[in-house]
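**Student:** Could you put the whole structure together from the sequences, leaning on the hints where they help?
Chain by chain, the residues run as shown.
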Amino acid sequence: MPKKTYRQAINEAIAGEMRRDHRVIVMGEDNAGGAGAPGENDAWGGVLGVTKGLFPEFGPERVLDTPISESAFIGAAAGAAATGLRPVAELMFVDFMGVCFDQIFNQAAKFRYMFGGHAVTPLVIRTMYGAGFRAASQHSQCLYPVFTHIPGLKVVLPSSPYEAKGLMIQAIRDDDPVVFFEHKVLYDETGDVPDEAYTIPFGEANLTREGKDVTIVAFGRMVGFANQAADTLKRDGISATVIDPRTTSPLDSEAILDSVAETGRLVVVDEAHPRCSMAADIARLVAEEAFSSLKAPIRTVTPPHTPVPFSPALEDLYVPGPARIVEAATALTKHG
Amino acid sequence: MLPIVMPKWGLAMEEGTLTAWLIAAGDTVEKGQELAEIETTKIANVYESPAAGLVRRLVAQPGEVLPVGALLAVLAPASAPEAEIDAFVGGFVVRDPEPEGEGSGLSERRIERDGRMLSFKVAGAGADGVPAILVHGFGGDSDNWLFNIEALAQDRPIYAPDLPGHGKSGKQLLRGDLDELAKAVAAVIEETGAPRVHLVGHSLGAAVSFRVLERWPDRVASLAGIAPAGLGTTVNDGFVRAFVAAERRKDVKAALQMLFADPDQVSAAMIEGVQRFTRLEGAREALATIARENLPDGRQAASFRALAAETATPLLLVWGERDAIIDPAQGEGLPERVAVLRLPDAGHMPQMEAAASVNQRLAEHFSAAGG
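Line by line, the protein sequences are chains V and A. When the letters of the first sequence are read in order and numbered with this note's numbering, they come out as residues 2 to 337. When the letters of the second sequence are read in order and numbered with this note's numbering, they come out as residues 28 to 398.
These are computed hints drawn from the structure, not numbers from a lab. A portion of the hints provided could be inaccurate.
[As the list claims (entries may be wrong)] A few chain A residues that don't get close to chain V, going by computed Cβ distances all over 10 Å: (1) GLY90; (2) VAL92; (3) ALA114; (4) VAL116; (5) PHE119; (6) GLY153; (7) LYS210; (8) MET285; (9) ALA288; (10) GLY325; (11) GLN327.
[What the hints assert, rightly or not] No farther apart than 25 Å at their CA atoms in a straight line, the calculated lysine-lysine pairs in the DSS-like style are these: (12) LYS335(V) - LYS296(V); (13) LYS53(V) - LYS185(V); (14) LYS213(V) - LYS296(V); (15) LYS4(V) - LYS69(A); (16) LYS280(A) - LYS69(A); (17) LYS213(V) - LYS235(V); (18) LYS69(A) - LYS210(A); (19) LYS69(A) - LYS235(V); (20) LYS213(V) - LYS69(A); (21) LYS296(V) - LYS235(V); (22) LYS213(V) - LYS280(A); (23) LYS185(V) - LYS4(V); (24) LYS277(A) - LYS213(V); (25) LYS235(V) - LYS185(V); (26) LYS235(V) - LYS111(V).
[Claimed, not checked] Where chain V lies over chain A, by a calculated footprint (3+ residues, C-beta under 8 Å): (27) 263-276; (28) 307-315.
Just so it is clear, the structure is predicted and the values come from calculations on it, not from any experiment. Every residue gets a Cβ at the ideal spot worked out from N, C-alpha and C, and that includes glycine.
**Tutor:** Here you go:
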């Protein structure tokens, strides 16, 4: 099986869909690179190079560089989606999304509902998230809980190169607006990625480890940490199930509840701020639907409720890691 | 002094956890006897002894995570002094896994035939014996032989292809009939460079192997059918339809559980492995085509009963008594010289469920058939 990076997997998914369907277009800041300066075309391929190579193959009609005006190009992408194209718009860092909430929350997310099902909005918004890049408070947030909060949006968090390709193809073929979260730190991770096209359905969790003592639900970059924690726990005689929900909206609550029914213990690992987060959401779900299965309190492993610090030493402390997951899971098994 | 080491089950395996010993120091073990339970992040299974001898020392402790090739136990004659065993254990060095494509290590190859990729695993390429080709069944791939390849490769080169439409081979099919699948096996026979090979076919792979025997009898030294198709008319059509249609985890799990006597054998990794295959563009269509061609109206299209009764080629049939897909009774009523092994606690996947017994019986069958 060919090994590819997370970045290559996403690039391959978009390129493949552009070849398959002429309605798929790409737009964003520096997606081509050097707009207006022909000698610099394809100089960037997005700020971290994910769309590199698309401009030479598909040309300026289908790979569009936009001004630094997120509200304008996200609005344009939503309109293009509603009128027949299938845009993949890159909004560099999710931290900047605030300037176009109206286009996303009130327009794209609402078209299908407010037009009585007569409109579809096959829009993909790609965006980078997460800490660990020494990029300070305004370029390191997670924010996927904010989008999960809005009915009408689908929210996707690929945790590996394999997941990234299959979920991106599904996102492009999906008829609803999808916000696709790419973790900056994962871009250079490699893994087995088939050359062929494949889709991973939304709302179906992946069980990356299987055990009977504790359920660990983790998102995005945290899935790898949860797997490491599960392997460490195994050496201590604690067997853990690790659930990667893949999408926060729709959420595979069944997989989580089925697993908690077996283990009776739950740890949720979320890189987002702890208040109104996926950690809080899943804790609510299990407390409400599986209370009688629980043998111990639910534990969440999250950063503190502060901005992401710029100090490298503090940033390293801020991001949840395998040791904290091991500690939480071990505490639960001692509880009863 | 014979080291028992952490086995390598599949290309991806780098380390394993010894979960339990099934023997004690001082026991005399047979080749093929169950030694220990070993678990990886993907699979759990019983490890069978690669050799016979007296267990002088259990080196690894239950719960230990060890790399492939790490020393688990030492077999030695009773006459060997303790000090010599201490020295052997102390001086044991874990060998680096062999680079792909060399020696007896497991490697993966891809060739192009008829404009389509044909992928197969090779192990024991340096061994002397007549090569054996392991042909998986409907919806399977070469990983169905995870617990067999290493054991069988001790005596001979082992080739395990992904049939057209399956695994890492090309998904586009011409007709998806036995002839097309048999042609792919013939291409692998050519790759071995050997005049004759042993064929081992599981389920539909057995029908494919029978077709190879029918068309190229001179190339087949022996044939073993494991839960074989091709000897009766009925098949559990519910499984075939459920497997082709299943998209969700739960549905895949339910379908796979029909294959095993013990439903707990179906792990999350096995389910994800099947889903990774059926998600590929063209895979589900390929499965539907093969099912339509070979199992029209839910019945087996091809019968090789006459061939099995007449051929001079040594035949072995292995069945799990609890096979819910193909009735073991379909192996009855053939001439005496067709050897039959029936395993009480296995379902449709005896090569996984009773790997030790199957490996041992296959090794005997190959030797009896001449190398």
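**Student:** If a hint holds in the structure, say so; if it does not, say that too.
**Tutor:** Hints, one by one, checked against the model:
The beta carbon of GLY90(A) sits about 7 Å from the closest Cβ of chain V, which is not more than 10 Å, so the claim that it is off the interface is violated. A beta-carbon of chain V is positioned within 10 Å of the beta-carbon of VAL92(A); the least distance is around 6 Å. With 10 Å as the threshold on Cβ separation, the claim that ALA114(A) sits away from chain V holds: the shortest Cβ distance comes to roughly 29 Å. Listed as a non-interface residue, VAL116(A) keeps its Cβ farther than 10 Å from every Cβ of chain V; the least gap is roughly 22 Å.
A cut-off of 10 Å between C-beta atoms confirms that PHE119(A) is not in contact with chain V; the least separation is 22 Å. With a cut of 10 Å on Cβ distances, GLY153(A) stays outside the contact zone with chain V, its closest approach being about 25 Å. No beta-carbon of chain V is positioned within 10 Å of the beta-carbon of LYS210(A); the least distance is around 22 Å. With a least CB separation of 20 Å from chain V, MET285(A) remains clear of the 10 Å interface cut-off, as annotated.
No Cβ of chain V comes within 10 Å of the Cβ of ALA288(A); the nearest lies about 20 Å off, and the non-interface call holds. Every CB of chain V is more than 10 Å from the CB of GLY325(A) (nearest about 28 Å), matching its label as outside the interface. Chain V leaves GLN327(A) outside its interface by the beta-carbon criterion, the shortest separation being 30 Å against a cut-off of 10 Å. For the proposed pair LYS335(V) and LYS296(V), the alpha carbon gap of about 10 Å is at most 25 Å, so the pair holds.
For the given pair, LYS53(V) sits about 16 Å from LYS185(V) by alpha-carbon distance, which is consistent with the 25 Å threshold. Simply put, LYS213(V) and LYS296(V) have alpha-carbon atoms about 13 Å apart, close enough for the 25 Å limit, and the pair holds. A C-alpha spacing of about 19 Å is found between LYS4(V) and LYS69(A), which places the hinted pair at or below 25 Å, so the restraint holds. Distance check on the hinted pair: LYS280(A) and LYS69(A) sit about 15 Å apart at the alpha-carbon level, within 25 Å; holds.
A distance of roughly 11 Å separates the Cα atoms of LYS213(V) and LYS235(V); the hinted pair therefore holds under the 25 Å criterion. The suggested pairing of LYS69(A) with LYS210(A) is violated, with an alpha-carbon distance near 32 Å, which exceeds 25 Å. With a C-alpha separation of about 14 Å, the suggested pair LYS69(A) and LYS235(V) falls inside the 25 Å cut-off, and the hint holds. For the hint pairing LYS213(V) with LYS69(A), the CA-to-CA distance comes to about 15 Å; that is within 25 Å, so the pair holds.
About 20 Å separates the Cα atoms of LYS296(V) and LYS235(V), which keeps this hinted pair within 25 Å; it holds. Between LYS213(V) and LYS280(A), the direct Cα distance comes to roughly 18 Å. Compliance with the 25 Å bound is thereby established for this hinted pair. Between LYS185(V) and LYS4(V) the CA atoms are separated by roughly 19 Å; this keeps the pair inside 25 Å, and the hint holds. Only pairs whose Cα atoms come within 25 Å are accepted, and LYS277(A) paired with LYS213(V) is accepted, the gap being roughly 18 Å.
Restraint check for LYS235(V) and LYS185(V): the C-alpha separation of about 29 Å exceeds 25 Å, so the hint is violated. Our distance criterion of 25 Å between C-alpha atoms is broken by LYS235(V) and LYS111(V), whose separation comes to about 46 Å. Interface restraint, the region 263-276 of chain A with chain V: holds (3 residues with C-beta to C-beta distance below 8 Å; minimum three). Under the rule that three or more residues need a Cβ within less than 8 Å of chain V, the assignment of the region 307-315 of chain A holds, with 3 such residues.
The structure shown violates the earlier hints numbered 1, 2, 18, 25, 26.
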